[in-house]
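Protein chains in written order, with my numbering: chain A, 1 to 315; chain B, 1001 to 1315.
Hints were generated in silico from the structure; no laboratory data involved.
Virtual Cβ for every residue (Gly too), placed ideally from N, Cα, C.
Among the hints, a few may not be true.
[Said to hold, decoys possible] Covered, in the sense of this in silico footprint (three residues per stretch, anywhere, with C-beta under 8 Å from a C-beta of chain B), are these stretches of chain A:
| # | segment |
| --- | --- |
| 1 | 50–59 |
| 2 | 96–104 |
| 3 | 264–273 |
2 protein chains.
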Amino acid sequence: MTVSRALTDPAKVSPDVRARVAEAVRKVGYVANKLAGSLSSSRTKVIGLVVPSIDNSLFSATIQGISDVLRRHDHQLMIASSGYSLEAEEAAIRAFLEQRVAGLILHDTTHTPDAIRMIQHSGVPVVENGTLTPEPLDMVVSYSNEDAAQAMTLHLARLGYRRIGFVSLPAADNARSRDRQRGYRAAVEQAGLPFDAGLVLEMPPGLASGAEALVRLVGHDAPADAIFFAGDVLAMGASLECARRGWAVPQKVALAAFDNFDLLGHLVPPVTTLRLPRLEIGRRSAEVLLDRIEGRSAGVVAVDLRFEIIHRAST
Amino acid sequence: MTVSRALTDPAKVSPDVRARVAEAVRKVGYVANKLAGSLSSSRTKVIGLVVPSIDNSLFSATIQGISDVLRRHDHQLMIASSGYSLEAEEAAIRAFLEQRVAGLILHDTTHTPDAIRMIQHSGVPVVENGTLTPEPLDMVVSYSNEDAAQAMTLHLARLGYRRIGFVSLPAADNARSRDRQRGYRAAVEQAGLPFDAGLVLEMPPGLASGAEALVRLVGHDAPADAIFFAGDVLAMGASLECARRGWAVPQKVALAAFDNFDLLGHLVPPVTTLRLPRLEIGRRSAEVLLDRIEGRSAGVVAVDLRFEIIHRAST
DNA sequence: TTGTAAGCGTTATCAA
DNA sequence: TTGATAACGCTTACAA
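Use the sequences and the hints to build the structure in full.
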């Protein structure tokens, strides 16, 4: 017991004991067993995170933010990637609960019924990230996908573009894409433009995909004069395709992107985009989670982070 | 005990018991406590990974590979990012050992003496990734940075370039960069070219950095006719700078990169580069670690993964 | 300030 | 096939 005190709260122990313990620790190479500690105290300093994929710079910025904050607060991060499968997410959540994580961060707001049941039954605090859902499991940290898409579309309309194309990832199983489509439609209406379903496309992720969408929308009988790529690296693919074909941007077609990849600013011409708080989402998620865990807050928390339009030469 | 058996090895228990346990589990929402299990058995299914940064697509591909394999083998992944600090790495390793991880994966081969001592004292199996070090802590999985740099430099020499510039990240605290420099020098010698220190540059990471290096090496009194960018996104920055300045690639200067970012293939012109086994490093690391943990192998393991030159229009 | 006793929820071991 | 007992290495609660 004295050793335990000397290690966890040295102030509670005499200088003599403190020194002797330190010496002994050094000598035998003692490494505390947190498993035993956690079992006894029923507290852990491990946070579980589930993301669809790790190898995606959009997620990895958020993960970095989480990791930074946890490190400062002496907590560990467990990561599972679900590969965009809800069943895999559920399995990861179960594994995390079995490890008695102190909190969970989930990348999206859609989960299996069993996952929801387990989480609620466990009482573990949770932060969801995907979008500002009206029915959070517990806490939410995100920006508004709808507002962001609306803002960018309006931006294009104000610049005088009348036939604004919109390309997103498939919306069927993606709340983000749905929100962005909603924002686009709201802006089109608000700007007094006619809605043309022929200007709206859903594409799989990837550079090639963006190039294809570009060609389809500009090769259109009534071509788009601007295209807003609301996802992944689609805009980058389109910009590179314009360079390859010698299409002048923004004269032939203006291009706007959704996410602030470094590279967009270095393309020729640099591409207008949104600055989204990716890193900040991670940081704030970890912060509100730790606040809750350490009893500094209670009840529902919803953090609406700000985005920003970066206007560049492509529009 | 019967419940424990029914849960961990259902075959060892009668069908009746199995059913009753399953029913009870369902009814009370029982979630096994792995902390207790691990304390008792002194086995865990958690692997600790230390990387310098998570928000870097080079690392994240490897992390994805690790994560994929661990998931298939029902293990969990704990990640710590060290921010390129050896002290932070040591702290992360200590935290992992306190959690009694079953194995460690370290991104580099340089560690503090205390970190090395702790690891060896713990007896936990370790995989190191950075480069094929002659003195591994335990197991190593990597490709040869030296061979890869040498191969690319020779490739350029064979194409007829005589003044081949070489740009890498600062080598002082980076074994990878040192190995790559060595490979470059070996190739220059092998090709019978004179070594010119004015053609060798060390730059910090980043797009802007690559652009600057380009200008310095081509603005040179005796300009480079080809540049091999052996790190980060330097080559991308240089390619984009050429586009901005209207410099013809490869006529004015040929460009080669080290890492197979998707984007390099989509630039104008597409950039010659190396295909490095990033994902594979992650996969194999996890595999050799699990082999060791599960007793399928013993002794030192060194896995030398293959790389490949992707020849494109930039050279 | 230090020490004693019990208990956290499992698994290992041995017995029935 | 099932069950009883001890032990894993800590923390909590209380006593000295």
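- [ ] Taking the numbered hints from earlier one at a time, note which ones the structure violates and give those numbers from smallest to largest.
- [x] No hint contradicted; all consistent.
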